[in-house]
Structures are given as structure tokens and as C-alpha cells.
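Colleague: Chain residues, written in single-letter form:
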Amino acid sequence: MNPKEIIARRVAKEFENGQLINLGIGLPTLTANYIEDGISVTFQSENGMVGMGKVADKDEIDLDTINAGGQYVTINDDGAFFDTAMSFGLIRGGHVDVTVLGALEVDQNGNLANWIVPGKMVPGMGGAMDLVVGAKKVIVAMLHTAKGKSKILKNCTLPLTAKNVVDMIVTELAVMKVTENGLLVTEISEGVTVEELIEMTEADLIISDDLVRREMQTI
Amino acid sequence: MNPKEIIARRVAKEFENGQLINLGIGLPTLTANYIEDGISVTFQSENGMVGMGKVADKDEIDLDTINAGGQYVTINDDGAFFDTAMSFGLIRGGHVDVTVLGALEVDQNGNLANWIVPGKMVPGMGGAMDLVVGAKKVIVAMLHTAKGKSKILKNCTLPLTAKNVVDMIVTELAVMKVTENGLLVTEISEGVTVEELIEMTEADLIISDDLVRREMQTI
Amino acid sequence: MNKVISLEKLKDIFKDDMTIMIGGFLGCGTGEKLIDALIQSDVKNLTIIGNDTSFVDRGIGRLIVNNQVKKVIASHIGTNAQTGQLMNEGKLEVELSPQGTLIERVRAGGFGLGGILTPTGVGTLVEENKEKISINNKEYLLEHPLRADVALVKGSIVDEFGNTMYKGTTKNFNPMIAMASDIVIVEAEEFVNTGEINKEMIMTPGVVVDYIVKEAN
Amino acid sequence: MNKVISLEKLKDIFKDDMTIMIGGFLGCGTGEKLIDALIQSDVKNLTIIGNDTSFVDRGIGRLIVNNQVKKVIASHIGTNAQTGQLMNEGKLEVELSPQGTLIERVRAGGFGLGGILTPTGVGTLVEENKEKISINNKEYLLEHPLRADVALVKGSIVDEFGNTMYKGTTKNFNPMIAMASDIVIVEAEEFVNTGEINKEMIMTPGVVVDYIVKEAN
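Same order as they appear, the protein sequences are chains L, X, A and H. So the first sequence is numbered by our numbering: it starts at 1 and just counts up by one. So the second sequence is numbered by our numbering: it starts at 1001 and just counts up by one. So the third sequence is numbered by our numbering: it starts at 2001 and just counts up by one. So the fourth sequence is numbered by our numbering: it starts at 3001 and just counts up by one.
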């Protein structure tokens, strides 16, 4: 199983019946493929839709219906369309239960940086700042390292997207929860030792007494 | 012609093509009956409608369509329904061209009092405070006196609905404009002398050099 | 997820001292079955947030007459003499808020805003105890958000998932209170299968709706 | 009152240095005929307010490529490389605003609010030079309203009076920019007689619309 699939499958386990969920572009979107049987959730696309379906097949394309990544998508029976003000009312107002998004950096205080690399990449924050401030649960889904360097830090070095907002980090190596005491490792992947994880993580880690070993065939 | 009809007919002359107009309950509503030929305006009902039509005949009643006074009304072809937030967005945002409303008191500084008589009558301001602050032109349409006392004062004595908002006062006796210099009488009704008007008005009046004598048959 | 609930079961939700937002304008767009249930529950000391207190025999007005209300936050109480009388007797607290301000406060509560700045009420009794902020040399009142424990919404057409459309002038406060309350109960004038409402008419998404009462009016 | 205007005549409205709000999200819900007219007018030094700068060959993106823009206020510019390049060269000023904040600023401009308080952006670069206000021990940024000289709106169905409905996700910024601009121009994908649009679907009332362009897409 490739690392991204490991991450997407694990994130999907967090979804609960009836939740409204917003998935960021890229890896976070993959989680929709792995929702457990019997779990029914609603996806939001912040450009103006709840009840978003899948990417449209050629014969399903409606030029007026795109997701926040610009792809043509379908809308489910339970869906509805809204303008941007209402869409972000749902977000800022705490009506979105879970937001899953990627990060450039995240730190042990739950700070998140994912919108700008000064002088290099200035795409803008889009809806990300509102999403992480407004959603009830913020899950960062990303590869543990970039170019061999830990993306999980003691303190973010890039300009923040928001302060103290991340609840959970899911990487191919581990699942970590941001707690008042610091970053608590609750699950570690098959074939990874605690020592290796600590080695690959710049942030201080607290290892849970109830650490779960994630076996790849069961996630 | 009765005093209220005199007032309503005169106010209606202020309406211009294409305007969005909000009429208060009572006398202001009568103005809709006297709109001049060739003038096409749109009426708003702040509870959630633009393009309001007339009071519904028995066979036209739709229980879901009322005006701000609680009467069943019709909606015109050019109309639309909105929630209260949008309705007051139109009002506060300056999209309403004219609001016509009654007053308990109005003064020469354009202050208006029409929502409370402490200890006696506390109906609440409803939408009046937003309307007089938001509308581009505020016309007070009322009888000149109440129980023999002038309703047009040097300074309002009742709690205000808003400060410095009234543009024009139309009574059965005169038309007055609130200017930087004070209350300018621009028109006086047939059979009323300037001296009588001054006598019946507590506010200081400036008589326009171009004072128009309103002849009843022509208004 | 079956959101349909009976009026009988609904009574378990209502508690003394709750803050309840109720849709409607002079009773138009108020769920009278929900008011029935609230009256039958006989919970007391309620704080009611709505545009007005309607008439003595309709909507919010009936709760006032039944002495279940400790405080009302509304823009207008003039059509219900009982409200004024209880207020004068010191038995009912009334907070009057301009209509446009009131709906923005509810919206701010539901949309996660910390407050709004409005020119309405500057220089009047409404500004008492409120912060004034000057933006570009114009004064505004800082008005705080409102939220409630329960919203009683009246939907013209409601589907099984809770998606709701409101006909004509029944919209008024309904779409906003559905965003600003912890528990959202919708009374369906017409109840349909999920997906049967034109998606361009849905103002309240089912995701914010907790319970649906489908007894016909 | 005939609001229908030709693309040719439309050019008389556009002036150098104007602030223009443009609807659309990555070009979906942007009136491309209106962009054509703006490009043909060749007015310069525009300030453009919109969600994003789309792609180089679509919507706002085309104005960027045509060097007509002095400043952009948007939430995202990452899909149009030209925006970033001109910014880095100092030829284009970019003000980034979080999407939810940006739309509330436009709404405040159109709805007569002096500002809004949002938790979004607290503790980030976004808070620079902005007032922070604490409400119930939570910090909020005071964000100021936005208005424009002209709004370029794309309507899915527009009637003669200007009443407009927006299909699917083309709504995005369109209903709010139509409230926040002195001159509102709507490009009609479908043009119908007054009264033919279902009144429950109209998001923009004709009273705020000044001009309608009905050339088919």
C-alpha cells in the first residue's frame, strides 16, 4: 500500500455518521474513497455546495457545477447549492464537523502553515484559514517528511495559516493528537519503531501508554 | 379632499422612475394609490419582498405572502422574496431610494421620534431605525399637529428613532425640507397663510423665496 | 439517520430556562405545531428570540399568554397587548433590537462572526451600554451575536434529510435561526423524499437540521 | 426602463482606475462576454476584487494577462502563474484576504455594515495593521467593508427587469457583488420575460441591476 493510501484510509476512520466534512485538494480528497460501510457523511465544497458527489464522468459534466479544485463534480440527492457567504457561514459557524487538509508544516502546539512560502510560493489562503478556524475537528493529512526533513516541528517556521487549531495529524508513519501537554502519538505504523519515528520527527513526541500498532492489512 | 389624501398625493409626486420604495403602515401606504402616470416604481415590504403588489382580494389570498403590516398582499411579476437579512441588506445598504413613514415628532435638525412613548406605548422600532438610516431619502408623512400641538419641533422630546435623517416633511399644511440652515418651507397649502403655518409649528421655519402655493385641484 | 420526530417526543427536548429562537413575522412562517408542543411541555422561564411577539392567539404570542417566557428579544411587540402588559408589570423582560440589527446578530451567531458594526441605532436608546466604533469618520454600534439552544423553524417543503425551502414571505428569520441554534427542529408543511426539492430553492441544508416534525398543519 | 445594453455601448462605462468586482470561482460563474468588453475597452490601472485570478485564459485571468490590472484583492492566485510573476516583478499589487473574510467584506459593503468581526486570520499575517477586538474572551479581527464602482455579474437566467438566478456553483460571489457596487452589469446566459423566473430562485432583485447583456454565451 502506498503511503498516501495508508494516510487516506486512516483518516477515513475518523468520519462519523451524519457529519459534514470538507476535504482539501489532493491527498485529503482521497479519503472519500475509504469511508467505512454504514457510515453516511456529507461533503462540502466551499465554493458553494453541500452533498457533493464524485468527479463527473464525461456524460455527467455540468459546466455550472465544480468543486473547490475546479473539477466538474456531481451533486447527491441530499445536496444543495449556496453562495460563498452561506458556504463560509457553514464553515466559520462550526457547522462543518471535520476538515481534512494538507500542510507545509505543523507544530506540536497545533499551529499550521500551508498557504505561503515567502518569496517562493504565494498561492493565497483561499478558504483554508476559515476552515481550520471554523471546523470542529481539524485533521492534517500529509506525508511525514518532505525532502527528508520532518514537516512536524517544535515551532512552525513559515507564516501560519492559524494558531492552535490542529487536532490530529495523520501521516504514513503515525497518528498524533495535539493535546495540552504536547503531541501524543496514539498509533504507529507496521514496520516503524518508536525510535525511528522520534528520529524522523523534529517535534517533541509523547508516546501514548495505549499506543496502537497499525497493521496495514486492517486499516 | 381630506388631509390624509392631500399628504398622500403630494408624497407620491416625489417618486421617480425605477425607484425602490418602502412605505410605512397607515398613511404612508396610501401614497401608492397616487403614483403619477408613466412612473414605474417597485415597493419593498421589509418582511421579505420586493415588487409588492396590492392588498389581496379574497380569491387572491396566499397565506404565505404578507406585508410588514400583516396584510395578505400580492406580488408583481417583477417581484422576488427574500429572508430578513437580505431584506435589511437592501435597506441598510442604501438600495432603498425612498422611505415614507409617520412620526410622533420630527425636529428642525432632521431628528425623528416614532417608536416609543416611555411609560405609555412601547411597540418597538421594528424596521424603522434601519429604514431611516439606510434609505437614500427619508420622507415623513403625517398630520401637522396632534391634539392641537405641533409635531414639528425645535428639538424632539421623545426618544429618537434616528438622528439627522429626515430629508422632507409633508403635512396637510406644507412641504418642508431639512437643510443645513434649518427647516425650509417650499410649499404651502391653499387656504393657509404663512403666519398660520408659523403659528401651528413649534420649529423655526425658513420660508423659501420660491414658495409654492399648493392648489388642491392640481396635486 | 431518521430525523422525523413526533410532537410527543419533542417535549423531551424542551427544558426550563432554555433560549429558543422562533421563526416568523407576525406569525407568518411560525410552526404552530411546534408552539403547541412547547405549550404542552409547559417549560418555564424561556428566553425567546424572534422578530415580534405576534398576536395573543398566534405563534410566539401564545407562549407569552401562557406565561412561559422570562425574556423576549424582538424588534416589535406592539401587536400583542399581553407582552406590553407583562413588561409593565415587571413579569417579562423585553430587549428591543432594530429588525435589521436583530437578524444580523442571529446571523453572526450562526456564521461564527464575533459581531457586526451597524449605523442603525446610533444616537438613540439602542446605543446604551454598547461600544461605538468609528470607521472612515462614520459611527457604528458594535452589536454582539445571538445564539440559542433550540430553533423552531417552519419549512414550506422539507425533505427526509432536512433540506428546507420556504415559500413567499415565510422565510423571514427561519433560514438564519437554523444556523444559530444547537438543536434545530423544523416543522414541515409538506414532507417529501430526499432530492425532491429543487436544489436552487433550498435555503437550509439538511446537515444543520436535527429533527423534523411532519404532522400536517 | 430598458436595461439591455450592447457590448459595444458597455465600453463607455469602463474608465481607467476603476474598482471592479467580478463574480466567479476559478472562472465558473464569470461573465466572459463582460471580460471581452473590458479587454476591448483597454482601460488600465484597474483594481479587481474577486475570489481568485482564475487561469491565464479565463475570466479575471485574462485581464491580468492583458496588463489592465493595478491591484487585485482575492483569496487565491495560485492557478494563474502570471499573477504571481507580475506581483514578484512589482507590477501588480496583490491583497490576499481569506475567502470567508473576503465575501463578508463585500457583503458588509453592500449591506451597509461598517465592518465585521471574524476569528479567521488571528495570529497570522492577515492581522497586520488590523484592529483586534476581544468579545467574550475570544479575539476577532475587525475587517472593513469593500465596495466597487462596477460589478460584473454572471446570471444563469435573467429577466427583463434584471431579476437574476444563478445555477449550481455559479452563485459564489455573484449575489454579493451585485449588492456592493455602484453600477451592476449582469451577463445573461438565458434572457427571459419579466416574471418567468420562479420567484423562490431569484437571488438578485432587478432593482439593483443597472444593465443586462443578453448576447448568448
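Fair warning: there could be bad hints in the mix.
As the list claims (entries may be wrong) - Quick list of in silico lysine-lysine cross-link-like pairs, BS3-like style, CA-CA up to 30 angstroms:
1. H:3071 - X:1137
2. A:2033 - A:2167
3. H:3009 - H:3070
4. H:3214 - H:3091
5. X:1163 - A:2071
6. H:3138 - L:163
7. H:3214 - A:2138
8. A:2132 - L:163
9. L:58 - L:120
10. H:3138 - L:137
11. L:58 - H:3044
12. A:2070 - X:1136
13. X:1154 - X:1120
14. H:3138 - X:1136
15. A:2070 - A:2044
16. X:1013 - X:1136
17. A:2033 - A:2015
18. X:1163 - X:1147
19. X:1054 - H:3003
20. A:2167 - H:3070
21. H:3214 - H:3132
22. A:2167 - X:1058
23. L:120 - H:3138
24. H:3130 - L:54
25. L:136 - H:3070
26. H:3071 - H:3044
Unchecked claim - Heads up, incomplete: computed chain H residues facing chain A, CB under 10 angstroms, no partners named:
27. 3002
28. 3055
29. 3108
30. 3156
31. 3196
32. 3198
No lab work stands behind these hints: they were computed from the structure. A virtual CB, placed ideally from N, CA and C, is assigned to each residue, including glycine.
Colleague: Taking the numbered hints from earlier one at a time, note which ones the structure violates and give those numbers from smallest to largest.
Modeller: 1, 4, 7, 9, 11, 12, 14, 20, 21, 23, 24, 25, 27, 28, 31
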